[in-house]
Amino acid sequence: MRAVRLMIVVALAAFAAAQPRPRDSVTFVVSARSTIRGISAAELRRIFLGETSRWSNRHRIVVCLRPTDSPEGRIMLDRLVRMSDIDYSQRWIGAVFRGAAGSALAVFPPRDALLKAVANNPDAIGFVLTGEPLPATVRAITVVR
Amino acid sequence: MKLEALAAAVLSLCAPLMAQEAPPPFRFGGFANVTFDHSTRTHHDAFAGGELDLYASAALSDNWSALAEGFIQHAGRVEDVDQQPTKRVEVDLERFYIQYSPSDRMRLELGQIHTGIIEWNEREHRSRFLQTPIDVPAIATREEQGGAWPLHFVGLWSSGRLGGPLGVEYGAGIGEARGRARDEIQPLLDEKSSPSQLVSLGVAPDAVPGWRLGAAEYGGDIPAPEGKMREADLTAFTSYERGGAELRGEWAQMHHRRLDDQQRYVTHGWYALASWRARGRWKPFRPYVLLDHLDVADGEPYLSEVRDQKAWAAGVRWDAKRWLAVKSDYRAQRSPEGKHEHLVRLQFAVSF
Numbered sequence: 001m002r003a004v005r006l007m008i009v010v011a012l013a014a015f016a017a018a019q020p021r022p023r024d025s026v027t028f029v030v031s032a033r034s035t036i037r038g039i040s041a042a043e044l045r046r047i048f049l050g051e052t053s054r055w056s057n058r059h060r061i062v063v064c065l066r067p068t069d070s071p072e073g074r075i076m077l078d079r080l081v082r083m084s085d086i087d088y089s090q091r092w093i094g095a096v097f098r099g100a101a102g103s104a105l106a107v108f109p110p111r112d113a114l115l116k117a118v119a120n121n122p123d124a125i126g127f128v129l130t131g132e133p134l135p136a137t138v139r140a141i142t143v144v145r
Numbered sequence: 001m002k003l004e005a006l007a008a009a010v011l012s013l014c015a016p017l018m019a020q021e022a023p024p025p026f027r028f029g030g031f032a033n034v035t036f037d038h039s040t041r042t043h044h045d046a047f048a049g050g051e052l053d054l055y056a057s058a059a060l061s062d063n064w065s066a067l068a069e070g071f072i073q074h075a076g077r078v079e080d081v082d083q084q085p086t087k088r089v090e091v092d093l094e095r096f097y098i099q100y101s102p103s104d105r106m107r108l109e110l111g112q113i114h115t116g117i118i119e120w121n122e123r124e125h126r127s128r129f130l131q132t133p134i135d136v137p138a139i140a141t142r143e144e145q146g147g148a149w150p151l152h153f154v155g156l157w158s159s160g161r162l163g164g165p166l167g168v169e170y171g172a173g174i175g176e177a178r179g180r181a182r183d184e185i186q187p188l189l190d191e192k193s194s195p196s197q198l199v200s201l202g203v204a205p206d207a208v209p210g211w212r213l214g215a216a217e218y219g220g221d222i223p224a225p226e227g228k229m230r231e232a233d234l235t236a237f238t239s240y241e242r243g244g245a246e247l248r249g250e251w252a253q254m255h256h257r258r259l260d261d262q263q264r265y266v267t268h269g270w271y272a273l274a275s276w277r278a279r280g281r282w283k284p285f286r287p288y289v290l291l292d293h294l295d296v297a298d299g300e301p302y303l304s305e306v307r308d309q310k311a312w313a314a315g316v317r318w319d320a321k322r323w324l325a326v327k328s329d330y331r332a333q334r335s336p337e338g339k340h341e342h343l344v345r346l347q348f349a350v351s352f
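Chains A and B, in that order, are what the protein sequence lines are.
Using my numbering, read the first sequence as starting at 1 and increasing by one per residue.
Using my numbering, read the second sequence as starting at 1 and increasing by one per residue.
It should be emphasised that the hints constitute simulated quantities derived from the structure, not laboratory data.
Ideal Cβ positions, reconstructed from N, Cα and C, are used throughout, including at glycine.
Careful: at least some of the hints might be erroneous.
Cβ pair distances, simulated, as ranges [unchecked claim]:
1. A/GLY38 - B/ALA58: 33 to 43 Å
2. A/ASP85 - B/GLY179: 42 to 52 Å
3. A/ARG74 - B/GLY164: 30 to 40 Å
4. A/PRO133 - B/LYS321: 30 to 40 Å
Using the sequences provided together with the hints, build the complete structure.
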């Protein structure tokens, strides 16, 4: 009987572990004043790699990052751009050096500073952990696979 | 006449800049490297001060920017452990251009730029810090360091990335062709000079993130001392970078035809690079293997100072800091005398 109970507990734990947890993903945010509603995953990747530097309205994109050693920074590296923090840093140095990227990355250690920067600039894009409350000044965008 | 037309076009495009009152924001940066070599054939050691590469960019407006890059290096420096060290220092301008970029689909550059005929050069430029291995492949070696391909020109270059799932990238440019010597660019808008043309086309499909494939073609006339030559170069490259993997390969062919006697010379080369970013606590390390090959056409007078190469190198890059890369490798190559030699090297490359 004890073995059955243990098996159920293990099965429930395994099931729970298999479910995507809100804090295991990030939500991409733009200013509430932005006209951007949705974006493809491929385009999002190109933006965070510095390959796409303009929105469809031709305004220059301002990429706002959390530090790459923060939970949301690690998720972005692992799931979106699929590279290490070292390679990501070198890639942006190269993009600026080649004249391909419009500007260097803006990194915001405090989460609130990132949200404030995104809220104040309709051309900015950033990300936070999914499930965290967002102020009315920013809006989550839909990422289409 | 060409000069006046060009000046008028530039001035008309620059009108919005002149209305700007605030000074443009500048950004400065640079790269430097030093390399220690030991030859197992001659048992010579060398500690070579490499290059100091400095650049500055300015965002003049939302659509306009400018970039200048210069470098300082020992004159006559080549990747040769047996070469006598020199104290003469060379200072030169690498790139200097003004850029108009209203969208990702179109980027116009005017000035001294890289031709883009060799993808390695277009991607890494002069920086040893940005590239994984110690060496620049033979086909991407700079003209003044014994390279064969025309990596620089003065002119106009247009490039961009078209929308769509195929990720089509294009480039087209026109500028002054090469001069009497390999590392010489003909004077801009000189009546006697001849233009060179370059076109490139590539794809980076959304379906295979990290993969790129492309080709480029360069053509121009060379006023070589041995007789005027017509140059036609063709290159193709592919690369895959994702999840810590870096796989890159490039093939290049240079075709020279002397117009006097129709004598033809064909030079070709290629390289392949594979590297992998280690994981976990070994994350700062990136082992790599580089294969490098260059076969210069026999009797080619314009490339008389360019030597064949058939080399391989295996090593590891250690990203000790965000700004410091320490690389070490073992390289087998052909010496300037045509003999096989083995080198053990250590390189420090920094970014600032």
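Hints versus structure:
1. A/GLY38 - B/ALA58: 33 to 43 Å: Because 35 Å falls inside the window, the suggested range holds.
2. A/ASP85 - B/GLY179: 42 to 52 Å: Holds, since A/ASP85 and B/GLY179 (Cβ atoms, about 44 Å apart) stay within the stated range.
3. A/ARG74 - B/GLY164: 30 to 40 Å: The hinted range 30 to 40 Å holds for A/ARG74 and B/GLY164, with Cβ atoms some 31 Å apart.
4. A/PRO133 - B/LYS321: 30 to 40 Å: Hint holds: Cβ distance 37 Å, inside 30 to 40 Å.
When held up to the earlier numbered hints, the structure conflicts with none and fits them all.
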